[in-house]
Each structure stands twice: as structure tokens, then as C-alpha cells.
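Novice: The residues making up each chain are set out below.
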Amino acid sequence: MKDKASQPVIEARGLNLVFQTADGPVQALKDVNLTINQGDFVSFIGPSGCGKTTFLRAIAALEHPTSGTLTVNGMPPDEARRRRAYGYVFQAAGLYPWRTIAGNIRLPLEIMGFSRAEQDERTARVLDLVELTGFGKKFPWQLSGGMQQRASIARALAFDADILLMDEPFGALDEIVRDRLNEEVLKLWARTGKTIGFVTHSIPEAVYLSTKIVVMSPRPGRITDVIDSPLPKERPLDIRDSREFIEIAHRVREGLRAGHHDD
Amino acid sequence: MTALWIAIGIWLAAWALNVWLSASPISQTRLGKLLVPLVFGATVLVLWEGLVRGLGIAPVILPAPSAIAAKIAVSLPILWQDFAQTILKGAIPGFLIGAGAAFLVAIAIDRSPFLQRGLLPIGNFVAALPIVGLAPILVMWFGFDWQSKAAVVVVMVFFPMLVNIVAGLQASERMQRDLMATWGASYVQTLIKLRLPAAMPFVFNGLKIASTLALIGAIVAEFFGSPVYGMGFRISTEVGRLGLDMVWAEIAVAALAGSALYGLVALIERWVTFWHPSQRH
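Line by line, the protein sequences are chains A and B. With the working numbering applied, the first sequence has no gaps in its numbers, which climb one by one up to 263 at the end. With the working numbering applied, the second sequence has no gaps in its numbers, which climb one by one up to 1281 at the end.
Calculated directly from the structure, the hints in this document are not laboratory data. Misleading hints may appear alongside valid ones.
[Unchecked claim] Facing chain B, according to a computed beta carbon distance under 7 Å, are these residues of chain A, among others: (1) 60; (2) 62; (3) 88; (4) 97; (5) 98; (6) 108; (7) 111; (8) 114; (9) 249; (10) 251; (11) 253; (12) 257.
Glycine included, C-beta positions come from ideal geometry on N, C-alpha and C.
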């Protein structure tokens, strides 16, 4: 893992994506250039309609760019998807209600053809990783929203993809749960060394989590600023009161405001 | 007249009993939940008996429940033969074939938008054909025995099942399908692990509707030609001979069979779709 550090994992060059809608074409992404390196924690922040989710979905080959190049691990996103290069965590947990928590985590493993023994072993390990040991036999609707979202993160981690893509995973949760899950995600990132792409519209969340913050603005969706965070890798929650933190948050806010003045 | 007054008296007493039962804590127990409808059903029978006897209603208009029960008791072999012919050979195979065919066509429609535009209207057209027109034709095609009855049932069951399965296959959420895509799941994997389980609440709605349709279809189809047994045959000939007690006996059997079939489907539904909000207790 270490020798691959700061190798580019995701590269976008001159990326454009246009949706054809009933009201005519909508430019969701315009001339996006970005390099994400191995082990980066990258946040995408911006108002709704700025294309942050679209960009993440394009990386996951759930949307297809109109022009420009996008590579994931050096291959086209579709190819990377077939090779199971990433785990994706959506805004809602999206657990299947007819399966238990363990059954849900096992699902991608079943699809990818892991052996029964390995399914059990991996399920137990990721349940432990997100601190849900003992909840494997529960059904999703018997768990709180925060626990469900943790289970969905476990599911994305189960097959050990190098890249974790998270689309506002904690957007629907309250502040306190969110803080705890943020801390857990950071711990997870430190322990696993994965490359993480994280969409959010919370400035503190973006600054607290990321090594790289990508500020985007809408109509058309584009990148207005890329901030490399000088914060240390070890981040207690109270780092949010430090001067560096506040300075970065300020720069993000300025970037967001500048994007708005442009229209 | 005394029979009438006794019946009304029992009815009022049973009414009071049920009011008391449903207010008391007994109604929360399993026994209590069963007791209230049982008392109600028994009361209806008693009232019916009292009305028929007390008002001297002719058996051709409405036989008393006791007369129907007596007729059932002495005609058990005939009733069983009719039941086997109509329900076991006509309705149930037709139900299974119709539902199975609808399932296969629904998958075909799902795979191909072309078929979706072509097959759904044809299914709709067939469903709009009146059964009294269709049944004689199918009897001509498939003969007087149970095969033609099963064919009528297939036609009746097919369309409601098809519509429900097609709707059910669309019932999974976009995010759940996206998840499958991110794991590189194939069409068949997505179908088996996601879309079919998500479709089950719809499928069982269809099955419940179809289970009652199957019974109607199998009985009515016998009006247009059958061997000298079968529930529909018996009803039509006994009406002609004014043997209304036998008609009622057949109706009782049909009602029991219909409830049993529906109950069986509902039971399997509870077991399969335990996760659906409507089934969680």
C-alpha cells in the first residue's frame, strides 16, 4: 500500500457532462480537471446543483461523461466498476429490508462469488469495524438511522475495494451522531489507508475530514477551488476550534461565495 | 313464529356478548380474536334459521342452514367428486399455469421494451374478453373435461398477475439498483437478489385477486359443457330441478374452498414478505 502512496488513482481531464432533460440540455459538469492520489481523503463541497454528486457518480460509472477523459486506477470507470474498484455509500442506507444486517453486508460478497467461509469472516470483521458486532441478526428496520448508515458503510467496506465513495452519507443524521460517525470514518481511513471521495454540503465536515477540499459551484457545475489541507492526519474533534481549521473553513466559504457571484 | 322470536332473542344476546367481548381484555388474546368473528358467524346462522322457520319461507327461495347442512351430510361423496373435478383439476392447475405464464411474460416484457409495448395491450385485450363468450370457445377447443376449465382459469388469472408482476419489477428503488450496479451484478443476479424480493408484495396482491378469480372461472366454465359432475355442472342442473338445497351445499363448498385458497396465499405472503411495513407486527 505505502509504495503506491501519492500515485494518482482518479484523474479527470476536461470533463463535461450534459443531461438531456425535458427543458433542454443541462450542463451538470463543465471542464472539470482533478487528480486524486492514493490515500487522499477528498471532500466535494458546494451548493445543490453544483455537480458534486454527479462527479462522484461519474467516477462510479453510474453517469457517463459527455466529453473529456476520466480514469479510475488507470482504466475507464466502467472497467473499474466491473473490477469492483470501489465501494459506494449513498445518502440513505439503502439496506434491503428482507435481509438481516449481516445478510445485507454479505450481499456484495455473494454477488462477487466469495466462498461461504470468507463471507462469514469478512462480515464479522466489518461489523466489528463499524462497531455493530451483535447486531448482525437484526433487520434494518429494527435499527436507528445512524446504525443503518454504519451498516451501509460496513457493506461498502466488506469487499475491500481501494476506493470508498460517499455521497452525503450523514446528511440525514443529527449533529451529534454525525460528529461521532465523522470521527469513526477518520479512524477507518487511518486504519485502512483507502482513498475516499466524500460529498457534503457542510463546511466543518469537509474541513474536519479532508486532506483535499474541492469547492464547486453551480450552473454550470464546475470546480472553483482546490484546497490542500495542512491539518495533521491525527484529528481530535476539538481541532475544529484551532486557528488553521478556522482559516481553511474561511477559505472554503470564500470559494463558495465567489462561485455564487459568478452567475 | 316462536322460532323467529327465539332467533331474534339469541341475536340480541350474541350482540351484547360481542360488545362485551371486544371491550374486555379477552379480545386482546388469540382466543378472543377468534371468538368474536365466530360468535358473529354463528349468530348469522341462527338468525337465518329463525327467519326461514318463523316466516315459513319456501325452501326454493331460501333453505334453512340446517337443511343445507343435512344435504351436505348425505351428499358428501358427490360433493367431494365435484370439488375434485372443479377445484383440484380445474381451478388450481389453471391458477398455477396462469400465474407461471404471467411470470415468464413479465420477465420477457422487463427485458425488452418492444414487448412491453406489444404484449401489455394484448394482455389487456384478452382480459377485456367476456368470460361467457370465451368459455364456450375454450370448451370447444379443449374438450368437456377439466382441461377446458383450467384454460378458462388461465385466461382469467393471467392478466391481473401480469400487471402486478410488471409493476412489482419496477418497485425497487433507484439507489438499490445503483448499488447492484456498483458491485458489478449481472441482470440475473439483480433480478434474484433485489428485484424479485422487492416485487413480492405486488405478486401476492395479484395472487390474492387471482385465487378468487380462479374459482369463479372454473365454476362458470362448467355451465358451457362438462362431464356429469363438477360444481358448476351440479349448480346448473340442480337449479333446473329446483334442488336449491344442493345448490346451496355447492355454494357452501365453494365458499370454503375459496376462503381456504385465499387464506393459504395470505399465509405464504406473511411468511415471504414479513419485512414489508404492511406485514410487520
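Novice: Would you mind marking each hint as holding or not holding in the structure?
Specialist: To see whether the hints hold, each was checked on the structure:
| no. | hint | result |
| --- | --- | --- |
| 1 | 60 | 6 Å, holds |
| 2 | 62 | 6 Å, holds |
| 3 | 88 | 4 Å, holds |
| 4 | 97 | 4 Å, holds |
| 5 | 98 | 4 Å, holds |
| 6 | 108 | 4 Å, holds |
| 7 | 111 | 5 Å, holds |
| 8 | 114 | 12 Å, violated |
| 9 | 249 | 31 Å, violated |
| 10 | 251 | 33 Å, violated |
| 11 | 253 | 31 Å, violated |
| 12 | 257 | 32 Å, violated |
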